[in-house]
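These are the residues of each chain, in order.
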Amino acid sequence: MNSNSTTGRSRKYLNPYLGGVLLGLVLLAANYVSGRGLGASGAIKSVVATTIETVDKDSFSTMPFMAEYAESHSGSPMKSWLVFQMLGVIVGGFLSGAFAGRLKLKVEHSPKITSRRRLIFALAGGVLFGFGSQLGRGCTSGSALSGMAVLSLGGFITMMAIFGTAFALAYFFRRNWI
Amino acid sequence: MGPLAPNEIISENTNFLIAFFIGIGFGWVLESSGFSSSRKLAGIFYGYDTVVLKVFFTAAITAMLGLLFMSLFGWIDLDLVYVNPTFLSSAIVGGVVMGAGFIMGGFCPGTSFCGAAIGKIDAMVFIAGLFIGVYGFAFTYGWWEKLYLAKYLGEPKVSEKLGMSDGLFGLLLIMAAIGMFIVAEWAEKKFAREEY
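Going down the list, the protein sequences come from chains R and D.
For what it's worth, this note's numbering labels the leading residue of the first sequence as 1, then goes sequentially.
For what it's worth, this note's numbering labels the leading residue of the second sequence as 1001, then goes sequentially.
Next up, chain R with everything else stripped away, as it sits in the complex:
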């Protein structure tokens, strides 16, 4: 509580425990309606599969990982639960940000680093997260959070591997954040 701007800004965020209960109820609703939890990387996979199928059908057949996925989704891979859910996430995130006055085009980064450095690390982090989410069959949402809610052993293991690794590497990337 050093300055007014700090208190003013942090007050706008939800209490984290309340946020957690609400997120838990959203996850519960997903399970009750669809029989599955939430997810994010699955929607990206759908978009990538659709793009490859549209742009270069021949290469698609040489990619068993994507071809199998498309086959398991009758019609178009875009017609998937997670694609519709992720469209909702964008709308929900935008609405929340709009009501809280947080809509602003900017690169958020520590004053100790440049925007350029932040963006290079963001890109590299995204590549790794995208790759890992396919290998690990889901990301923080689909594998860790949703997996934990249904007590999946794999969900707990992936959660520990994600957070454990990030903690272990935090020292090496500290200049980016603190």
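Derived from the structure by calculation, the hints contain no laboratory data.
Computed from a prediction, not measured in an experiment: that's the story for all the values here.
Any given hint could turn out to be false.
[Unchecked claim] Quick list of the computed label-pair ranges, beta carbon to beta carbon:
1. Gly1142(D) <-> Ile90(R): 32 to 38 Å
2. Glu71(R) <-> Gly1154(D): 43 to 49 Å
3. Lys112(R) <-> Gly1074(D): 55 to 61 Å
4. Leu1171(D) <-> Lys57(R): 51 to 57 Å
Even glycine gets a Cβ: it sits at the ideal position worked out from N, Cα and C.
Once you've looked at the hints, dock chain D against the given chain R.
What follows is chain D alone, placed relative to chain R:
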């Protein structure tokens, strides 16, 4: 009785429509909890902001308890609820790669979409990376196929593996979470940082 779509109580298209509204709730809660900011997300790894831990564990416990109670009341058939399969090797290696991506990029996939939705350019770049990573995995799948399919254990629950009931495991998880919350509240005071 739930789950609605697997029990064919609602049609596929209704299920997709509800998915959109559930997504709105998901995005709204993530954004309003501060998950659209990489600074807040990365805070957990340095102790200055532990919102990730608090929201994540409270959510997992709320949904877990909700499912257990709904099953107890006969409102949902847990046999029809998807339990993530466990492929031990890829769960660990995939998690390690994701963890490295998390500390470098400051987002995870879901939160990056929230960040991008309110105009964070770093989040948009992170998403571009996600697409490259997913495509890269599919493109090089042949190299990882063995690892991807290794050590398949079926769909075990942690509680089964530990030889205890779901309820007892749930109770232990809640106690562990409360312990972590106490440490988290202490850490936020000890490692406080200026906002930027």
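Notebook entry, point to check: Going back to the hint list, which numbers does this structure go against?
Noted result: 2
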